[in-house]
Structures are given as structure tokens and as C-alpha cells.
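*Asks:* Counting in UniProt numbering, the sequence shown runs from 1 upward without gaps.
Hints in this document: simulated from the structure, not taken from any laboratory.
Beta carbons are placed, not taken as given, at the ideal position from N, Cα and C, and that holds for glycine.
Any given hint could turn out to be false.
Said to hold, decoys possible - Label-pair ranges, simulated between beta-carbon atoms:
| no. | residue 1 | residue 2 | range |
| --- | --- | --- | --- |
| 1 | G77 | N143 | 19 to 29 Å |
| 2 | I126 | T151 | 33 to 43 Å |
| 3 | V179 | E135 | 36 to 46 Å |
| 4 | D120 | G84 | 37 to 47 Å |
| 5 | R147 | A173 | 28 to 38 Å |
| 6 | V172 | V96 | 39 to 49 Å |
| 7 | D93 | T59 | 35 to 45 Å |
| 8 | G77 | G155 | 17 to 27 Å |
| 9 | I126 | T95 | 42 to 52 Å |
| 10 | I153 | G121 | 41 to 51 Å |
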Amino acid sequence: MMLRFKDLKMTYQAYTWQPFLIVGLLLMTRFAPAAETGGQIHFGGSAVNSGCAVDARSTDQTINMGQVRKDAFNGVGSWADPIGFTLTITDCDSTVSQSAGVAFQGGTDSHDPMVLAVTDGPGSAIGVGLGIYDEQTNLVVPNSAPRSYKTLIDGENVLHFLAKYRATARIVAGDASVVANFIVIYP
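Start from the sequences and build out the full structure, keeping to the hints where you can.
*Replies:* Written as C-alpha cells, this is what we have:
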């Protein structure tokens, strides 16, 4: 019985302090200082007049090419195993454009202009470039118009590509990162 009385007493005391607690909190918020400015946010995008829009998940991708051993190449001009990647275009309207192709832009390898150059810097690989192939296994030549175009359907379209490292000279191991920009072209 005593235990119940203590529980009842503690409950009663808690309820008697609640109005004071609520009033105190309200008074504290009334005299709170004004919020300080915190900085800027930059939003990027564009309005386009084309058959489709590039899906936001495709605009800034990182494709993990993994580690490729030097002996995976059989000499200058040979290719490593491919890594697949996709670009998604959305809101396509086939009455505006019936097909789309992709052009890749970037610096080309000094020994082989058919492939993109590895980013230059301390610790970068030498003698390796990156080739990109379209869905029809055509090599997409950097800084050139697409060799093939995909027929579009209304709505979302996924464009499939392969990326492969190519030996362009005697290979020196290092970071083989490549940066490429892409443009969707509607003929």
C-alpha cells in the first residue's frame, strides 16, 4: 500500500510542476535571438528545348573501373575487360525527337586520339586511355558526333555503354582516372 502512495505522490508532484515548466519554456522562446544567416546554396540546372531531359542521377556519375593489372594488356592497342554503365533520359516525347545519340567530350590520349586521356598529375598512370562503346559496340570517338542513335520511346529511355581501358604506350602504373563530359544529341 505504501508503494502505491509514493507512486501517487510522485505523479501528483509531476503534474503540479507541469504548468510552470510550460510557462518557462514559452518565455524562453519569446526572448530567443533572431537566427543568423548561414550561407548560400547554389542550384544548377537548365531549361531545354529537346526531345528528352537527362535524368538527374545520370548527370554526375562515378564509374568504378576497378584495378586492372598491367599484364591484362597484350601490348599497345589492346583492351582491358569492359565495365558497363548507363545514361538515362526522361520525359521523352517522340513527336519532338525520334532518336538520340551521345557524344563524349574530353582530352584525348596523346598516343591514341580514339580514346580519352587519363587525368594528368602526380601518380597518374601513363600509357593508358579509356574508350567508350555504345549499345551497338561502336567505339564512340571523343569530341565527335555519335556513330549510332537509339530510337526513342515516350517516357524514360536507358542508353547502355561500355568503358574499357586501352594500352596506348608502355604502361606505367598509377591512377587511371578519366573525366568525360557528355552531350545528348537529337538528329
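*Asks:* Does each hint fit the structure? Answer for all of them.
*Replies:* So, going through the hints one by one against the coordinates:
Between G77 and N143 the C-beta distance comes to about 20 Å, which sits within the given range of 19 to 29 Å. The supplied range of 33 to 43 Å is met by I126 and T151, whose beta-carbon atoms lie about 41 Å from each other. Look at V179 against E135: about 23 Å separates their beta carbons, and that is not inside 36 to 46 Å. Here the CB-CB span from D120 to G84 is close to 27 Å, at odds with the stated 37 to 47 Å.
In this structure the supplied range 28 to 38 Å holds for R147 paired with A173, their Cβ-Cβ distance being about 32 Å. Checked against the hint of 39 to 49 Å, the pair V172 and V96 passes, with Cβ atoms roughly 48 Å apart. D93 and T59 have their C-beta atoms about 20 Å apart, which leaves the hinted 35 to 45 Å range violated. Roughly 41 Å separates the CB atoms of G77 and G155, a value that falls outside the hinted 17 to 27 Å.
The hinted range of 42 to 52 Å is satisfied by I126 and T95, whose Cβ atoms lie roughly 49 Å apart. For the pair I153 and G121, the beta carbons lie near 42 Å from each other, so the given range of 41 to 51 Å is met.
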